[in-house]
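Engineer: Chain residues, written in single-letter form:
There are 2 protein chains.
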Amino acid sequence: MSLIVQKYGGSSVGNPERIRRVAERVIATQRGGDRVVVVVSAMSGVTDSLINLAREVSASPTERELDVLLATGEQTTIALLAMAINSGGARAVSLTGAQAGIVTDGVHTKARIANITPTEMQRFLNDGQIVIVAGFQGQTMEGQITTLGRGGSDLTAIAIASALDADLCQIYTDVDGVFTCDPRLVPSARKLDELSYEEMLEMASSGSKVMQSRSVEFAKKFGVPFEVRSSFHHLPGTRVIEETMSMENVVIRGLSVERNQAKVTIDGVPDRPGAAAAIFGALERANIVIDVIVQNVSRTGATDISFTLNKDDLDHARRTLEPVVKEIGARALLAKSGSAKLSVVGIGMRSHSGVAAKLFACLGAAGINIEMISTSEIKIAVIIDEADIARAANVAHDAFGLASGPMLAS
Amino acid sequence: MSLIVQKYGGSSVGNPERIRRVAERVIATQRGGDRVVVVVSAMSGVTDSLINLAREVSASPTERELDVLLATGEQTTIALLAMAINSGGARAVSLTGAQAGIVTDGVHTKARIANITPTEMQRFLNDGQIVIVAGFQGQTMEGQITTLGRGGSDLTAIAIASALDADLCQIYTDVDGVFTCDPRLVPSARKLDELSYEEMLEMASSGSKVMQSRSVEFAKKFGVPFEVRSSFHHLPGTRVIEETMSMENVVIRGLSVERNQAKVTIDGVPDRPGAAAAIFGALERANIVIDVIVQNVSRTGATDISFTLNKDDLDHARRTLEPVVKEIGARALLAKSGSAKLSVVGIGMRSHSGVAAKLFACLGAAGINIEMISTSEIKIAVIIDEADIARAANVAHDAFGLASGPMLAS
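Residue numbers (our numbering), protein chains in the order written: chain S, 552 to 961; chain C, 552 to 961.
Here chain S stands alone, though its shape is the one from the complex (with noise of 0.2 angstroms):
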């Protein structure tokens, strides 16, 4: 008898039908033999209500206080499946995120768990009921209600299972699974079967918005096995797992797209310390999100500095980098909205090389333009204008061969 971790999105519990859905599917997988717990979001458009509620209140909310409001949607969720569960034939009882066990620490709107005690969720699941978990919100230690912040169900979901050493994780999704590529870009595009926790991250951390980073890292950190798949059918979705031997054979696991980035450069910098650190500093403290740096060798005394951002945050970016230009005596502050960030992810491109030189090839070939490159250990990625990425994806796909499978170290 397996334990099972499913985890159902808001918009899997939209409405009480999709409810009496996933119940169903819930009394399914028991009736197949295994232990549950479900964990669960609020129904989707929930959570806005709720956040508008507290505008109408207050200008600025407390942040203790966003969080006793908002973990009611979740509260209202567990209740009914737990509900619809029990009156489909089988027995499920609801926890709220503290009585699950779950301690936080005591950032509001945004904690981290620091711990699980499934006690509670023990005794329940060895009297033989299906465990309906909040997800998103946990405790402190002296009893606050917290929010996990963005994917925060996610993150219970994998949680949860490392806590109890579940057999499976399964995050239930609007998503048939994690795609070679973007399947409204790529028409090609390949649902994948597997992939490891660091590609999963470079996936996702390059736009391929099914989970957030922070639930993958959790994942990996406490070695939790999972798989995305779609609440909507019961076809199997994508594995996310350790790395293993073979699939260091797998050059190419995919590529990832990021739309609406804006780029920024600060011409002639004078090379000596503190010059990028002012930059950056500045960046951070108006709380600007910054994503690919590059700068060059210096060879006259003075460099050039690189970044990309959200184009939405580009305007304020200008203005907090103004006075910092002045400040170290850099020559020029060019900005550019448009472009687009192209990523081709995977493990195997560690031990081979000529990824990159493919990658450039196909894109000079069709006259794509690069503007920017960045590179990790098993990531390649390349600024590009926007306009240009739908056609860059697909000449990317098709020449790394991810229609048709994996590419194979030859």
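Hints are computed from structural coordinates only; laboratory data are not their basis.
Do not rely on the hints blindly, as some may be mistaken.
[Stated by the list, open to error] FRET-style restraints, in silico, Cβ to Cβ:
1. S/Ala-665 / C/Gly-640: 39 to 49 angstroms
2. S/Ala-665 / C/Glu-928: 53 to 63 angstroms
3. C/His-867 / S/Ala-579: 32 to 42 angstroms
4. S/Arg-582 / C/Gly-640: 56 to 66 angstroms
5. C/Met-796 / S/Ile-602: 49 to 59 angstroms
6. S/Gly-679 / C/Arg-735: 54 to 64 angstroms
7. S/Glu-568 / C/His-867: 49 to 59 angstroms
8. S/Gly-596 / C/Ser-595: 34 to 44 angstroms
9. C/Gly-640 / S/Ile-602: 40 to 50 angstroms
10. S/Arg-582 / C/Gly-700: 27 to 37 angstroms
11. C/Gly-583 / S/Phe-783: 55 to 65 angstroms
12. S/Ile-602 / C/Lys-661: 25 to 35 angstroms
13. C/Pro-787 / S/Ile-602: 55 to 65 angstroms
From a predicted model like this one, the values you see are computed outputs, not experimental measurements.
Here a beta-carbon is modelled for each residue, glycine too, at the ideal position from N, C-alpha and C.
Model the placement of chain C on the given structure of chain S, informed by the hints.
Structural biologist: Same frame as chain S, now just chain C:
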């Protein structure tokens, strides 16, 4: 510095605008130099919406899960009110029933408060904060969420006032206080400044639906004085307090009216042990609530038993009793809908005769027929035709001089 517990019902916190107004009132109370604990209900309509959601996922929702679901209603209000107070310049913190230390028995959907451990409330009060507590809810010793059933938020307020030894408990509602009679029925009805717990109980259980009897009984048992008043203006309401010597001089405090009554008479019940038990046992097993019971002295070896009940239960009662009537060998079952109950209430009538005579005389003079009579120590109730109830209430209100002030013992 006094400690004040204020309770606001669902209509007082029915929308963000009203929540902001409650916040202003609470802040003003604290600025007046008092420490404040606020108990709130769910926003009006929310509990019904949640019950409808439950019905959409299950024909008979599990009671444990119904409690988990319904508890979100008050949890939403406490967070919103705390935010509104914080953004109004004072400091507030919200607590669920569980966090406030409210421990109940395990009877889901109608739990009883077992005890309150006010440590957490006191900690925040000592820190100078306004404490906002979710009414209607608690948790069992084992940490299961429970709700207290109808009138539960009033009960929470009174129990907290008792546990904290508060100086004052104010029940804010959408009426101005307790009246000598329902003002919609008797235009000359007058708001009472004060009345005793016993009088309030007779007024409440006789149909003046300002508060549920159980909250008044709890207040009486633990000697918690409270005030019923309106949240829509700043006029004083009605104080409900321990009986005082001077109250004895007030013969009649007020009238209470209950419409929609039905009357059942079982004719020719053999005068032997067990006959009454068979009748009322059957009604109890069918969950039919009955009110006044009258049995006359037996003269012929058989007697008549009459009782009243809500007219909506009449058909069910008839179906329940028909086999019982045969079984015990009674003659007939007579049922009549369209009755009403008028009660005259006052502590002073204990020591003053003549109240019954005066009531029957004024009704007789108005040509109103009395169908049944029932008395308690501080109440005389008559069952009359529902068509006569407004006229009966007005003539009795006049006869006892209730419009101009309390009727004092001569």
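Engineer: Now tell me if each hint is right for this structure.
Structural biologist: Hints and how they fare:
A hinted range of 39 to 49 angstroms for the beta carbons of S/Ala-665 and C/Gly-640 is inconsistent with their spacing of about 34 angstroms. Range check, S/Ala-665 to C/Glu-928: Cβ separation about 60 angstroms, and the 53 to 63 angstroms hint holds. Between C/His-867 and S/Ala-579 the Cβ separation comes to about 40 angstroms, which falls inside the hinted range of 32 to 42 angstroms. Between S/Arg-582 and C/Gly-640 the C-beta distance comes to about 57 angstroms, which sits within the given range of 56 to 66 angstroms.
At about 57 angstroms, the beta-carbon gap between C/Met-796 and S/Ile-602 stays in the expected band of 49 to 59 angstroms. Hint check: S/Gly-679 to C/Arg-735, Cβ distance near 55 angstroms, so the stated range 54 to 64 angstroms holds. Taken as a hint, the range 49 to 59 angstroms is violated for the pair S/Glu-568 and C/His-867, whose Cβ atoms sit roughly 33 angstroms apart. S/Gly-596 and C/Ser-595 have their C-beta atoms about 22 angstroms apart, which leaves the hinted 34 to 44 angstroms range violated.
About 23 angstroms separates the C-beta atoms of C/Gly-640 and S/Ile-602, a value inconsistent with the hinted range of 40 to 50 angstroms. For S/Arg-582 and C/Gly-700, the Cβ-Cβ distance of about 36 angstroms falls inside the hinted range of 27 to 37 angstroms, so the restraint holds. As the Cβ distance of C/Gly-583 to S/Phe-783 is approximately 58 angstroms, the hint placing it in 55 to 65 angstroms holds. At about 33 angstroms, the beta-carbon gap between S/Ile-602 and C/Lys-661 stays in the expected band of 25 to 35 angstroms.
Between C/Pro-787 and S/Ile-602 the CB atoms are about 39 angstroms apart, so this pair departs from the stated range of 55 to 65 angstroms.
Of the numbered hints given earlier, the model fails hints 1, 7, 8, 9, 13; all others are met.
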